[in-house]
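A.B. asks: Residue-level listing of the chains:
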Amino acid sequence: MRKTALSDEVLMAVEKPARYIGNEVNSVMKDKDKVDIRFAMCFPDVYEIGMSHLGIQILYNLFNAREDTWCERIYSPWFDLDQKMRDDNIPLFALESQDPVIDFDFLGITIQYEMCYTNILQILDLAGMPLRAKDRDESYPLVIGGGPCVYNAEPIADFFDFFYIGEGETSYDELLDLYKDHKRKGYSKKAFLEAVAQMPGMYVPSLYQVIYHEDGTIQEFVKLSETAQFPIKRLMASDVSTLPYPKAPVVPFIKATQDRVVLEIQRGCIRGCRFCQAGMIYRPAREKDVEVLKEYAREMLKNTGHEEISLSSLSSSDYHALKELVTFLIEEFKDQGINVSLPSLRIDAFALDVMSKVQDVKKSSMTFAPEAGSQRLRDVINKGLTRDDILNGAGEAFAGGWTKVKLYFMLGLPTETTEDMEAISELADAIARRYYEIPKDERVGKCQITASSSFFIPKPFTPFQWAPMLTREEYREKARFVKETFNQQLNRKSLRYQYHDPETTIIEGVLARGDRRLSKVIEGVYRRGCLFESWTEHFDYQVWDEEITRQGLTIDFYNRRERGSDEIFPWDLIDIGVTKGFLMNEWERAREGKVTLNCKESCSGCGMAKEMGVAEEDSFPKRGAICVES
Amino acid sequence: MLKVRLKFSKNGVMRYIGHLDLMRYFQKAMRRANVPVALSGGYSPHMIMSFALPLSVGQTADGDYMDIALSEEIDFHQTIADLNQVMVEGIEVQDIVPVSDDRRQGGMAIVAAASYLVSFKETQEIPADWSEKCQSFMAEDEIRIVKKTKRSEKEVNIRPFIFEMRVEEGGIYLLLAAGSSANLKPDLVLKAFLDYVGAAVDTPMHFHRLDLYYREADEFRALGDVKDDRKRSLS
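From first to last, the protein sequence lines are chains A and B.
Using this note's numbering, the letters of the first sequence correspond one by one to residues 1 to 630.
Using this note's numbering, the letters of the second sequence correspond one by one to residues 1001 to 1235.
Rather than coming from a laboratory, the hints here were simulated on the basis of the structure.
Please note that a few of the clues may not be correct.
[Said to hold, decoys possible] Mimicking BS3-like on lysine-lysine, the simulated pairs with C-alpha atoms at most 30 Å apart in a straight line are:
1) A:Lys32 x A:Lys180
2) A:Lys294 x B:Lys1147
3) B:Lys1028 x A:Lys323
4) A:Lys247 x B:Lys1148
5) A:Lys302 x B:Lys1028
6) A:Lys357 x B:Lys1191
7) A:Lys84 x A:Lys363
8) B:Lys1028 x A:Lys334
9) B:Lys1150 x A:Lys255
10) B:Lys1191 x A:Lys84
11) A:Lys3 x B:Lys1191
12) B:Lys1150 x A:Lys16
13) B:Lys1147 x A:Lys16
14) A:Lys84 x B:Lys1148
15) B:Lys1150 x A:Lys84
16) A:Lys255 x B:Lys1028
17) B:Lys1148 x A:Lys3
18) A:Lys580 x B:Lys1191
19) A:Lys233 x A:Lys520
20) A:Lys255 x B:Lys1185
21) B:Lys1028 x A:Lys3
22) B:Lys1185 x A:Lys16
23) A:Lys478 x A:Lys362
24) A:Lys3 x B:Lys1147
25) A:Lys478 x A:Lys440
26) A:Lys233 x A:Lys30
27) B:Lys1148 x A:Lys363
28) A:Lys16 x B:Lys1133
29) B:Lys1154 x A:Lys84
30) A:Lys493 x A:Lys478
31) A:Lys30 x B:Lys1028
32) B:Lys1191 x B:Lys1154
33) B:Lys1028 x A:Lys362
34) A:Lys84 x B:Lys1185
[Said to hold, decoys possible] Residues from chain A shown here face chain B by an in silico Cβ test under 10 Å; the list is partial:
35) Met12
36) Lys16
37) Gly22
38) Val28
39) Val251
40) Lys255
Here the structure is a predicted model, which means the values were calculated and not measured.
Where is the CB? At the ideal position from N, CA and C, for every residue including glycine.
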């Protein structure tokens, strides 16, 4: 019978014991004595969130396809179990074998958002491992980081042995082969890391020293090993249709955030919104073959038994065969009671037609993400969505029977003025007016326009990476101001406005563009018991503020400065393919309010065409669709 | 509408899966095994299936039951095999029998009793005199316990709901009233008994459900033991 790392008493005492028992449909069991490599793959958040992540399923499938490797999963123990494990000295274990993490060769951690950093330390700590890589010898698993946060992993660099920069499908096989080879020859961590550092896309932070100016900015990076690369080039798959895909993903017993088949239809995005990191670090847009996707859909539904399928991409409306794919899914599976859930689409006749087929119009809402209230500011951020697009889309939705509209905005965007902020409630009101233009006997009651705003955080490798942030008080003032303007609108009774507290924003901002000096802050915050800080109710601003001060650092240094054009960034160690010159040019165009066309319309010369092997004379500025056409 | 009753066992780590999650598990399993379960209407159609008597988290079972509506005929043997192909360790489909589609004959409506084997986690051995004590416990006219609800505490006599109780190999066997009209949980009986014999009431125990029963004239019959004439009338 299946063993459990936790006793029956512990499992019966904790909330949702199913988080910790493994045994799920499609989870992979192997004989640990018959594999060479044991890989523990971790998503440092609670099970229901981690299990919803596509990237882990992709890597799990990829690794377990190797006969010599057994990949297992780890998620963060919730507070109740965390306490129990500390009290009773229970070491952190992987779900499949229920064996302690410390028995593994690798601990891979996917780092999806900055506010999980303290949870990374929880994982290492509960596993019984020293937090810092330099304190871990050959007896400990090698700790690898991956995911979007590794594009500036500096604040957590000291905790990891190395980072894998880029798409997992490209080089993990080579990496595991290299490890096996070293293990056969008599493994030394130092020798292995030296060898890893020569592989494209691998960043071994211990082989680089960061020298700072007196003002805290970076003077230079010094390589501590001859063979270490500089910069480290991000890994990217050129043909996404042929990549291995998890056709039998693990199906959790308890309801995960994503309790459905997820079909990744494309990587990257043609749009080039200037605030969006994903839009830059995953360039160029690469679409999957529609026939391949249809086959995946069939197989994945069959293998999981899920009753819902959804599409995943940064901008689904840009997928060339969206109509064909969605029509296929609805036609093919509707008799089986399979629900098709649509990602945020550009609202047009097709989208409305499809949505009316798959959702209850009365209950569901139509979502727009204008991000900024005024056209001027939307041009600054290069969000190619006009007031007419929104009003016409909403108008058509109202005609189709919808009465609820959701709007997403950001406050604190570069160059934002009072007029830009006022435009938010004006836009919401204009949508409501459009609704009330419908004759009274043709409409169903009132409409409900809900606007939410978050605060903008500049991210590395975006045109806004040079931009300053604001103070907590300034953010609060902005949100209060916008709230006030909502109360002045004609249709205020049909409008709602929500905003989040800016405290998380401030700390996320510090970590996003932070440097190695922050590792002590993160450790300090963790030592004071902070965990699960992406959950607002568990986030404690005070603790972060105190620990930053204690390390002799300031929030203002990271957030309030407008960085100079010649400043060396902590993330300049990494080369994503998109050039710093392009980003700088986009930063200048932003401030001039100039839009840049999307990749299908015209090549903007971001640098990726060269990466894709397109000759310079064939690309910028001659024609569009250079990278996305093939 | 075609209705069948599926009998399954739930063991090992599956004891930690609550009944709502188990329902979701079975819905997905039905899709994986291509069992033609009938769907309800509406925007989010769901499979028509119901458990006879949900099992508490932590308990295991040899005999748990669910009734399922089908949209077309199935081959029972083949379906049992197909389902067991897609089960996880700890859940096994034991049997499928046809049942009447009369709502009043549904598993949830007719269940009247449940049998359990209660074992003690820290010791396999049961004190020699417990057999006798079981008898005297059962000879009581009244067994009063305090039942706590959200709003109040009240004293109830549980004796009428204990049909059988005896020491068996490996534990204590219980046959208790179950279902919508009267339902007695095995842990309440054991607490009362441990108190009666002067043992610690918080002794760690494990509850294993053996089977569920409906009442037919004066006897209890297992929920999967559908009378022959009903089988005939269906075919």
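A.B. asks: Each of the hints needs a verdict: does it hold here or not?
C.D. replies: Hints, verified against the model:
1. Taking the CA atoms of Lys32 (chain A) and Lys180 (chain A), the gap is about 15 Å. The hint holds against a cut of 30 Å.
2. Pair hint Lys294 (chain A) plus Lys1147 (chain B) does not hold up; C-alpha atoms about 56 Å apart against a cutoff of 30 Å.
3. Among the hinted pairs, Lys1028 (chain B) with Lys323 (chain A) is consistent with the structure: their alpha-carbon atoms are about 28 Å apart, no more than 30 Å.
4. The hinted pair formed by Lys247 (chain A) and Lys1148 (chain B) fails the criterion: a straight-line CA distance of about 49 Å is larger than 30 Å.
5. Restraint check for Lys302 (chain A) and Lys1028 (chain B): satisfied, since their Cα atoms lie roughly 9 Å apart, inside the 30 Å limit.
6. Annotation: proposed proximity of Lys357 (chain A) to Lys1191 (chain B) is violated, straight-line Cα distance about 55 Å (limit 30 Å).
7. For a cut-off of 30 Å, the pair hint linking Lys84 (chain A) to Lys363 (chain A) is broken: about 42 Å separates their Cα positions.
8. A threshold of 30 Å between alpha carbons decides the hint, and for Lys1028 (chain B) with Lys334 (chain A) the separation of about 16 Å falls inside it, so the pair holds.
9. For the suggested pair Lys1150 (chain B) and Lys255 (chain A), the alpha carbons sit about 27 Å apart, so the restraint of at most 30 Å is met.
10. Pair hint Lys1191 (chain B) plus Lys84 (chain A) holds up; C-alpha atoms about 27 Å apart against a cutoff of 30 Å.
11. Using a Cα cut-off of 30 Å, the hinted pair Lys3 (chain A) and Lys1191 (chain B) holds, with the two alpha carbons roughly 29 Å apart.
12. Our distance criterion of 30 Å between C-alpha atoms is met by Lys1150 (chain B) and Lys16 (chain A), whose separation comes to about 22 Å.
13. Simply put, Lys1147 (chain B) and Lys16 (chain A) have alpha-carbon atoms about 26 Å apart, close enough for the 30 Å limit, and the pair holds.
14. Our distance criterion of 30 Å between C-alpha atoms is met by Lys84 (chain A) and Lys1148 (chain B), whose separation comes to about 28 Å.
15. For the given pair, Lys1150 (chain B) sits about 28 Å from Lys84 (chain A) by alpha-carbon distance, which is consistent with the 30 Å threshold.
16. Taken as a hint, the Lys255 (chain A) and Lys1028 (chain B) pair is honoured in the structure, with Cα atoms around 12 Å apart against an allowance of 30 Å.
17. At most 30 Å may separate the alpha-carbon atoms for a hinted pair to count; Lys1148 (chain B) and Lys3 (chain A) exceed this at roughly 35 Å.
18. Distance check on the hinted pair: Lys580 (chain A) and Lys1191 (chain B) sit about 72 Å apart at the alpha-carbon level, beyond 30 Å; violated.
19. Taken as a hint, the Lys233 (chain A) and Lys520 (chain A) pair is honoured in the structure, with Cα atoms around 28 Å apart against an allowance of 30 Å.
20. Distance check on the hinted pair: Lys255 (chain A) and Lys1185 (chain B) sit about 27 Å apart at the alpha-carbon level, within 30 Å; holds.
21. The hinted pair formed by Lys1028 (chain B) and Lys3 (chain A) meets the criterion: a straight-line CA distance of about 25 Å does not exceed 30 Å.
22. In summary, the hint linking Lys1185 (chain B) to Lys16 (chain A) is supported, as the alpha carbons are separated by about 22 Å, within the 30 Å threshold.
23. Proximity of Lys478 (chain A) to Lys362 (chain A) is assessed by CA-CA distance (about 33 Å); at most 30 Å being required, the pair is judged violated.
24. A hinted pair counts as satisfied when its Cα atoms are at most 30 Å apart, and Lys3 (chain A) with Lys1147 (chain B) does not qualify at roughly 35 Å.
25. Between Lys478 (chain A) and Lys440 (chain A), the direct Cα distance comes to roughly 36 Å. Violation of the 30 Å bound is thereby established for this hinted pair.
26. Proximity of Lys233 (chain A) to Lys30 (chain A) is assessed by CA-CA distance (about 35 Å); at most 30 Å being required, the pair is judged violated.
27. Taken as a hint, the Lys1148 (chain B) and Lys363 (chain A) pair is broken in the structure, with Cα atoms around 39 Å apart against an allowance of 30 Å.
28. The hinted pair formed by Lys16 (chain A) and Lys1133 (chain B) fails the criterion: a straight-line CA distance of about 38 Å is larger than 30 Å.
29. Restraint check: the Cα-Cα separation between Lys1154 (chain B) and Lys84 (chain A) comes to about 34 Å, which exceeds 30 Å; the hinted pair is violated.
30. Of the pairs offered as hints, the one joining Lys493 (chain A) and Lys478 (chain A) holds, with about 22 Å between alpha carbons and a cut-off of 30 Å not exceeded.
31. The hinted pair formed by Lys30 (chain A) and Lys1028 (chain B) meets the criterion: a straight-line CA distance of about 24 Å does not exceed 30 Å.
32. Among the hinted pairs, Lys1191 (chain B) with Lys1154 (chain B) is consistent with the structure: their alpha-carbon atoms are about 16 Å apart, no more than 30 Å.
33. Note on Lys1028 (chain B) and Lys362 (chain A): the hinted pairing holds, with a Cα-Cα distance of about 28 Å set against a maximum of 30 Å.
34. Taking the CA atoms of Lys84 (chain A) and Lys1185 (chain B), the gap is about 29 Å. The hint holds against a cut of 30 Å.
35. At a threshold of 10 Å, the smallest CB-CB gap from Met12 (chain A) to chain B is about 5 Å, leaving the interface hint in force.
36. Among the interface hints, the one on Lys16 (chain A) holds; its C-beta lies about 9 Å from the nearest C-beta in chain B, closer than the 10 Å criterion.
37. About 8 Å separates the beta-carbon of Gly22 (chain A) from the nearest beta-carbon of chain B, less than 10 Å, and the hint is met.
38. Annotation: interface hint on Val28 (chain A) violated; nearest CB of chain B at approximately 13 Å, more than 10 Å.
39. Below 10 Å, beta-carbon pairs count as interface contacts, and Val251 (chain A) has one with chain B at about 6 Å; its hint therefore holds.
40. Below 10 Å, beta-carbon pairs count as interface contacts, and Lys255 (chain A) has one with chain B at about 7 Å; its hint therefore holds.
Of the numbered hints stated above, those contradicted by the structure are hints 2, 4, 6, 7, 17, 18, 23, 24, 25, 26, 27, 28, 29, 38, listed in ascending order.
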